[in-house]
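Q: Hints are included, so try docking the two chains, each in its own frame, into the full complex.
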Amino acid sequence: MVTTDPTESVPDLGAVRNSMRTIKDTTGYRVFRYVNTAFLLLICVITLYPFVNLVAKAFSSEGYIAAGEVNLFPRGFNTTTFSAVMSDDMFWLNYRNTVVYTVVATLIAMALTTTFAYALSKKDLKGRSVFVGITVFTMFFSGGLIPNYLLISSLGMKNSIWAIVIPNAISVFNLLIMKSFFENFPAELEEAAAIDGLSTYGVFGRIVLPLSKAVLATMVLFYAVSFWNSWFQAFLYMDRSELYPVTMYLRNLLAAATSVEDMGSDSVQIASNVQAVTMVLTVLPIVCFYPFIQRFFVSGVMLGSVKG
Amino acid sequence: MSTEGTLTEANSSGLDTIAPPIKTRRGRSRHSRTTWREALKKDWRLYTFLALPVLFLAIFRYVPMAGNIIAFRRFQPGGSLFGEYWVGFYYFEQFWNDPTFWRVFTNTLILGALSLVVVFPLPIILALLLNEVRTRTFKRAVQTITYLPHFMSIVIVAGIVLQLTSLDGTINQIISAVGGEPVSFMQDPSWFRTIYVSSEVWQTVGWGTILYLAALTTIDDQLYEAARIDGANRWQQTWHITLPGIRPTMIVLLILNIGSFLAVGFEKILLLYNPLLYPTADVISTYLFRVGINSGSYSYSTAIGLFEAIIGLTLVMSANAISRRVVGSSLW
Numbered sequence: 001m002v003t004t005d006p007t008e009s010v011p012d013l014g015a016v017r018n019s020m021r022t023i024k025d026t027t028g029y030r031v032f033r034y035v036n037t038a039f040l041l042l043i044c045v046i047t048l049y050p051f052v053n054l055v056a057k058a059f060s061s062e063g064y065i066a067a068g069e070v071n072l073f074p075r076g077f078n079t080t081t082f083s084a085v086m087s088d089d090m091f092w093l094n095y096r097n098t099v100v101y102t103v104v105a106t107l108i109a110m111a112l113t114t115t116f117a118y119a120l121s122k123k124d125l126k127g128r129s130v131f132v133g134i135t136v137f138t139m140f141f142s143g144g145l146i147p148n149y150l151l152i153s154s155l156g157m158k159n160s161i162w163a164i165v166i167p168n169a170i171s172v173f174n175l176l177i178m179k180s181f182f183e184n185f186p187a188e189l190e191e192a193a194a195i196d197g198l199s200t201y202g203v204f205g206r207i208v209l210p211l212s213k214a215v216l217a218t219m220v221l222f223y224a225v226s227f228w229n230s231w232f233q234a235f236l237y238m239d240r241s242e243l244y245p246v247t248m249y250l251r252n253l254l255a256a257a258t259s260v261e262d263m264g265s266d267s268v269q270i271a272s273n274v275q276a277v278t279m280v281l282t283v284l285p286i287v288c289f290y291p292f293i294q295r296f297f298v299s300g301v302m303l304g305s306v307k308g
Numbered sequence: 001m002s003t004e005g006t007l008t009e010a011n012s013s014g015l016d017t018i019a020p021p022i023k024t025r026r027g028r029s030r031h032s033r034t035t036w037r038e039a040l041k042k043d044w045r046l047y048t049f050l051a052l053p054v055l056f057l058a059i060f061r062y063v064p065m066a067g068n069i070i071a072f073r074r075f076q077p078g079g080s081l082f083g084e085y086w087v088g089f090y091y092f093e094q095f096w097n098d099p100t101f102w103r104v105f106t107n108t109l110i111l112g113a114l115s116l117v118v119v120f121p122l123p124i125i126l127a128l129l130l131n132e133v134r135t136r137t138f139k140r141a142v143q144t145i146t147y148l149p150h151f152m153s154i155v156i157v158a159g160i161v162l163q164l165t166s167l168d169g170t171i172n173q174i175i176s177a178v179g180g181e182p183v184s185f186m187q188d189p190s191w192f193r194t195i196y197v198s199s200e201v202w203q204t205v206g207w208g209t210i211l212y213l214a215a216l217t218t219i220d221d222q223l224y225e226a227a228r229i230d231g232a233n234r235w236q237q238t239w240h241i242t243l244p245g246i247r248p249t250m251i252v253l254l255i256l257n258i259g260s261f262l263a264v265g266f267e268k269i270l271l272l273y274n275p276l277l278y279p280t281a282d283v284i285s286t287y288l289f290r291v292g293i294n295s296g297s298y299s300y301s302t303a304i305g306l307f308e309a310i311i312g313l314t315l316v317m318s319a320n321a322i323s324r325r326v327v328g329s330s331l332w
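Here the protein sequences come in this chain order: A and B.
Residue 1 is where the first sequence starts when you use our numbering, and the numbers rise one by one after that.
Residue 1 is where the second sequence starts when you use our numbering, and the numbers rise one by one after that.
Hints were generated in silico from the structure; no laboratory data involved.
Bear in mind the structure is a predicted one, so any value in this text is a computation, not a measurement.
It is possible that some hints are incorrect.
[What the hints assert, rightly or not] Pair by pair, the computed Cβ-Cβ distance ranges are:
no.	chain 1	residue 1	chain 2	residue 2	range
1	A	VAL132	B	LEU114	22 to 28 Å
2	B	LEU55	A	LEU41	48 to 54 Å
3	B	TRP102	A	ILE134	32 to 38 Å
4	B	PRO275	A	VAL103	35 to 41 Å
5	A	MET302	B	VAL118	25 to 31 Å
6	A	LEU41	B	THR48	51 to 57 Å
Quick reminder that beta carbons are idealized off the backbone N, C-alpha and C, glycines included.
Same shape as in the complex, but just chain B (with noise of 0.2 Å):
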C-alpha cells in the first residue's frame, strides 16, 4: 500500500516539473505566431462550438446593455428598439427631481446596507460553529437542513413570509401568548426592513456557510498544533489561525454582495410589498417596474435602471480595486 502510495506521488510529481515548461513554451511559441487564418483553419470546430452561445450573448445580453440608449432618446411603442431621437439628459433630469426617486433611493440604500451588514457575516459565524461541531452525522444533519430553504422559490419564500406574519401567523401567537396585541406586519411600513432582512437570514445563510466551510478545511492542521504548542486557547486560535485562513473567501464574497448591493431583493419585495408598505419597501427597481412596466414609461424608466446599474458597477470595481491595494486579493 504504502510503496505504491510514494511510487504514484513520485511519478506524478516528476511529471509536474518535466510538464509546466513544455507546455507553457508551447503556448507562447502559437500565441504569438497564428494569424486568425491559421487559427480558424486548425480550430474551426471549436469555433462551431462558440457560434451559437456567442449569438445568444449577442442578442440578448448585448442588445439589451445597448438597448439602454433610449434613457437618452425619445422611444416610440413599436418603433425602433433604440428610440427614434436624441432628448440628451431628459430623462435623467426628470428623475432627478422627482421625489419618489429620491424616497426608493434611499429605501434601497438602507434595506442594501442591512441586508450587507446582518447577512454577510452570519454566515462566516455559523461555519465557525459547524467547525467546532465534532460529531460527523450531526455536523451533516445541520447542514443538509439549512441549507434546504435555498433550495426553495422565492415564491414560496414569500409565501411562508406572509403566512408567519399574517394576523393567525406563528408571529403573533407567539405576540398573543406572551400578552401583547397582534400586529398586522404587512400593513405595517415600520416593520417591513425587520421581516426582509429576517427572510433573507433564513434562506441565504446555511447555504452561505459552503465556501466558508471549503476554506476551512484547507487550513492546515500543523497551523494549529504549533499554536497548541505556544499556548493559544481555542479562541486564539481561532482568531489568529482561523479566521486569516478564511479571509480570501471572505474577501471575493464581500466584494459580490458590495457589487449587487443595490440590487436588493427585487423578486421578493415584488412578491412580498403592497402600496401600504411603499414608504420603507419600494426601492429603486420595484419602482422602475411599476414606472417601465406597468405604466408603460420606457425610457424614464430606463435611465433609472442605466443609473443604477452604473452604479453597481462603479461599487464592484472599486470594491475589488480597494481590496486589492489594502487586502491584496481580488476578484481580478
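Isolated chain A (complex conformation) (with noise of 0.2 Å):
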C-alpha cells in the first residue's frame, strides 16, 4: 500500500531531475554538453552526407561528377538518366522480382516463424527443451556455403523463386523474440477460450493473434526489409537476369564499373550516374517508409532484449 501512483510520479521525477541538475551543473559540464550537441550534429551530418551526395550525384550531369566537383548539391541538373534507368524493362522487372520475392518470403517466414513460436512458448509442451536446443544451436553452428549450395541445387531450386524465399525462412532472432512474446501471454485468456470450446487451433487462430498485432507487424517488418535487402542468394543461385532482383541489377553495375575502373577507362564516370540513379531509386521505398516502421524496429529489438 505504500506504492506511489505512477502516472503522477514519472513525469515529475523528470522535471524534479532536471531541475536539480540545471542547478548544480559546473561550469565544466555546460562546457561538455555544448561539445557533445555539437559533437551529435556532426555524426548526423556524416551519417547523411553519402545520402545527400548520392541524391545530388543522380540529378548531375557526367561532365561535373567526372571533374569531382559534385557534392552537396547537383551540378548540371539534368533528369535524363533517371529517365533512362526507369525506361529500362530489365530494372522494372528486376524490381517487379524484388516485391514479389519480397512478399511470398515474408508469408512464409511469418507462417512458419508464428507456429513454431508459439508451440515453443508452451512450457509444458513435452519435449520442448530438445525443440529450442535444436533450434538454437543453428546460430552458433551451421552448414556453411558449400554444403548449403549443393543441397539447393540438388533439390533443384536454383533458377526459381523457391531458392530465395525458403532457405531463411526461419530467423532464430526472430524465432526468440516471438516466443518471448508468446510466453508473456496472459494464459486466462487462453484458458478461457478453451473452456469455452476452442482448439488449439482456435485459440491461435481466434485469440492470440488477433492479440498480437503489434509484434505481428515487427516481425514482417523484420522480415520484409531483410528480404528487400537480400541479393546474396540470387547472385548465389540464379544464372538468368530476368530473374534477378534489383538489388542484383545494382550489384552488376557496380560489379561493371570496377572493372572498367581497373583498366583505367573513363567511361566510369558515366556508371557514376547510373549508379546514383539506381541506388536512389532502389533505396527510395525504405526511406520513404522509414520514418514510419523505425518505432516498431525498436520495439522488436526492446522485446528480444528482455528475454534474451
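A: Shown next as C-alpha cells:
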C-alpha cells in the first residue's frame, strides 16, 4: 500500500531530476553539453552526407561528376539518367521480382515463425527444451556455404523463386523474440477460450493472433526489410538476369564499374551517374517508409532484449 | 486516480505471490509423469505446429551441417550430397600447406580484430553521449538519423563506399582541396582495412546503441541521487553507476561479437573487393567462395569452411565460459 501512483510520479521525477541537474551543473559540465551537442550534430551530418551526395550525383550531369565537383548539390541539373534507367525494362522486371520475392518470402517466414514460436512458448509441451536446443544451436554452428549450395542445387531449386524464399524462412533471432512475446501472453485468456470450446487452432487463430498485432507487424517488417535488401541468395542461385531482384541489378552495375576502373577507362563517370540513380530508386521505398516503421524495429529489439 | 493505481498494484502483486507456486507445482508434476504417448494425445495440435518448422530446420540447417562431411570425402558433382568415399584429412592438409589460405586467414584475423576493437566500443560511447542529451526531440532526431544506415541493403552501402572513394568522389575532393594528391583507394591494398572498418562504423554504430539505451533506462535514479549526495561528479557517476549498469548488455554483445569474429562482413567484401585488393581484402569466406563456387573445388572449400565454423564455435563457447567465470554473467 506504500506504492506511489505511477502516472503522477513519472513526469514529475524527470522534471525534478532535470532541475536538480541544472542547479548543480558545473561550468565544465555545461561546456561538455555544448561540445556533446555539436558532436552529435556532426555525427548526423556524417551519417546523412552519403545519401545527400548520392541524390546530388543522381541529378548531376556526367561532366561535373567526372571533374569531382559534385558534393552537396546537383551540378548541371538534369533528369535524363532517371528517364533512361526508368525506361529500362530489365530494371522494372527486377524491381517487380524484388517485390514478389519479398512478399512471398515474408508470408512463408511468418507462417513458420509464428506457429513455431507459439508451440515453443508452451512450457508444458513435452520435448520443448530439445526443440529449442536444436533451433538455437543453428545460430552458432551451420552448414557453411558449400554444403548449402550443394543442397539447394540438388533439390533443383536453382533459378527458381524457392531458392530465395525458402532457405532463410526462419530467423532464429526473430523466433526468439516471438517466443518470449507468446510466453508473456496472459494464459487466462487462452484457458477461458479453451473452456468455451475452442481447440488449440481456434485459440491460436482467434485469440492469440488478433491480440498480437503489434509484434506480428514488427516481425513482418523485420523479415520484409531483410528480404528486400538481400542479394546474395540470388547471386548464388540465379543465372538468368530476368530472375534477379533489383539489388542484383545494382550489384552488376557496380561490378561493371569496378572492372572498368581497373582498366583505367574513363567511362566510369557515366556509370557513376547511372549507379547513383539506380541506388536512389532502390533505396526510395525504404527511406519513405523508414520514419513510420523505425519505432516498430526499436520495440522489436527491446522485446528481444527482455528475455534473450 | 491514485487509489485506483494502488488497488491494481496491490491486486497484481497479490496474484503474483499466490500464482507462482501453483504454476511450478503443476509444471513439475506434469514433467515427471507424462509419457510421449500422453503428450501426443493431449497436445497433438501443438505438435502439428512444430512439424513444418522442424522439417525446415532438418532439411535446410541440419542436412547442410551433415553435408560438411564432404570435407573428409571425395565429392563428385552430380553424385551424393555426402560424397563418394573417405579421404581422411587430405583436404585439410591441402589447405594447411596452401600459402593463400594463410594469407586470407591473417587478413581475416586482422579485419576481425580491427572491427571488434573499433566498432564494439563506439555504440557504448554514442549511447552515453545520447544519454546526456536533455532535449527529447533532439535525441529522437539523432537516433532516427543514425539508425538509418542499418536499413540499407549491403549493396547500397557498397555502392556508397565505391562512390565516396572513387577518384572523383568526396574523399578525393577533400584531399585535393587541402592540396594533396588524389588517391585511387580501390586499387591500393593499404587502404582497404581503413575503408572497410569506416563503412562498418557508419552502418552499424547508430543502431548498435539501441540495446545500450534500453539498458540505460533501467538504471535506478536513486543511485544517481545517492552518488550526488556523496559528492560524486558527472564523470564519477558515469564511471561508477552508468557503466556497471550496462555491463551485462556489454558482455552479451561482446560474446556474440567474438563468436562472429571470423565471419567478417563476407557480403560487403565480396561487393567491394577486386583482384588488386586481394593482399588485404581477401578473407577466408571470400576465398572459399571463389575456390568453391567459382572453381568447383567443393570438398576443399568445405574443409576450409568447417575449419572456420569450428573456430567460431570454440570462440563463442570460450568467451561465454570466461565471462561466466570472471564476470558472473553469460549467454547460457
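Q: Each hint: holds or not?
A: Status of each hint after checking the structure:
no., hint, verdict
1, VAL132(A) - LEU114(B): 22 to 28 Å, "35 Å, violated"
2, LEU55(B) - LEU41(A): 48 to 54 Å, "52 Å, holds"
3, TRP102(B) - ILE134(A): 32 to 38 Å, "35 Å, holds"
4, PRO275(B) - VAL103(A): 35 to 41 Å, "38 Å, holds"
5, MET302(A) - VAL118(B): 25 to 31 Å, "26 Å, holds"
6, LEU41(A) - THR48(B): 51 to 57 Å, "55 Å, holds"
Checked against the numbered hints listed earlier, the structure breaks hint 1 alone; every other hint is satisfied.
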